[in-house]
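Novice: Whenever a hint applies, use it, and build me the whole structure from the sequences.
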Amino acid sequence: LSQGLFLGALGVGVICFAIWRALNATAPDAELMGAIGVVALAINVASALVLARFREGDANVRAIWLFSRNDALANVAVIAAAGLVAWTGSAWPDLAVAGVIALLFLHSAYEIVTGALRERGQR
159 LSQGLFLGAL
169 GVGVICFAIW
179 RALNATAPDA
189 ELMGAIGVVA
199 LAINVASALV
209 LARFREGDAN
219 VRAIWLFSRN
229 DALANVAVIA
239 AAGLVAWTGS
249 AWPDLAVAGV
259 IALLFLHSAY
269 EIVTGALRER
279 GQR
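To convert, count from 1 in the sequence shown and add 158; that's the numbering used here.
Fair warning: there could be bad hints in the mix.
Estimated spans, in silico, between C-beta atoms of each pair [claimed, not checked]:
| # | residue 1 | residue 2 | range |
| --- | --- | --- | --- |
| 1 | Ala180 | Leu207 | 29 to 37 Å |
| 2 | Leu181 | Val208 | 21 to 29 Å |
| 3 | Ala238 | Ala204 | 36 to 44 Å |
| 4 | Arg213 | Phe164 | 16 to 24 Å |
Don't read these hints as lab results, they were simulated from the structure.
This structure is a prediction, so every number in the text was calculated from the model and none was measured.
Even for Gly, the Cβ is constructed at its ideal location relative to N, Cα and C.
Specialist: What follows is the structure, given as structure tokens:
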């Protein structure tokens with residue numbers, strides 16, 4: 159349950175940071191953004207592959223799987239956004255990806271919290 163709440167808080171945090179970035183309208187360093195995205199993707203894909211067999215386990219194990227999967231998906235989106243930021247010189251690709259990542263986090267948080275509550279009710 160706490161993992162789901164934490165992931166939900168991360169989703170809200172990403173939304174708040176994206177709003178702040180939109181108000182300041184500064185484009186991130188696309189090269190640094192892309193490089194960090196590639197390194198993080200390699201790490202998260204390796205983690206997700208190790209954890210894939212546990213994706214249907216109890217709420218705690220499922221939460222760990224969802225964290226890893228979400229991180230890998232977010233890394234792909236960050237790499238794509240870095241390319242678009244470099245191409246356009248605009249902050250908007252980064253902000254759009256932040257919104258998608260926030261929605262992904264919030265959806266996964268909902269899955270984790272509802273799964274944990276179901277497990278609690280079965281005890």
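Novice: Give a verdict on every hint.
Specialist: Evaluated hints:
{"no.": "1", "hint": "Ala180 - Leu207: 29 to 37 Å", "in the structure": "holds (35 Å)"}
{"no.": "2", "hint": "Leu181 - Val208: 21 to 29 Å", "in the structure": "violated (40 Å)"}
{"no.": "3", "hint": "Ala238 - Ala204: 36 to 44 Å", "in the structure": "violated (20 Å)"}
{"no.": "4", "hint": "Arg213 - Phe164: 16 to 24 Å", "in the structure": "holds (19 Å)"}
The structure is inconsistent with the numbered hints 2 and 3, although it conforms to all the rest.
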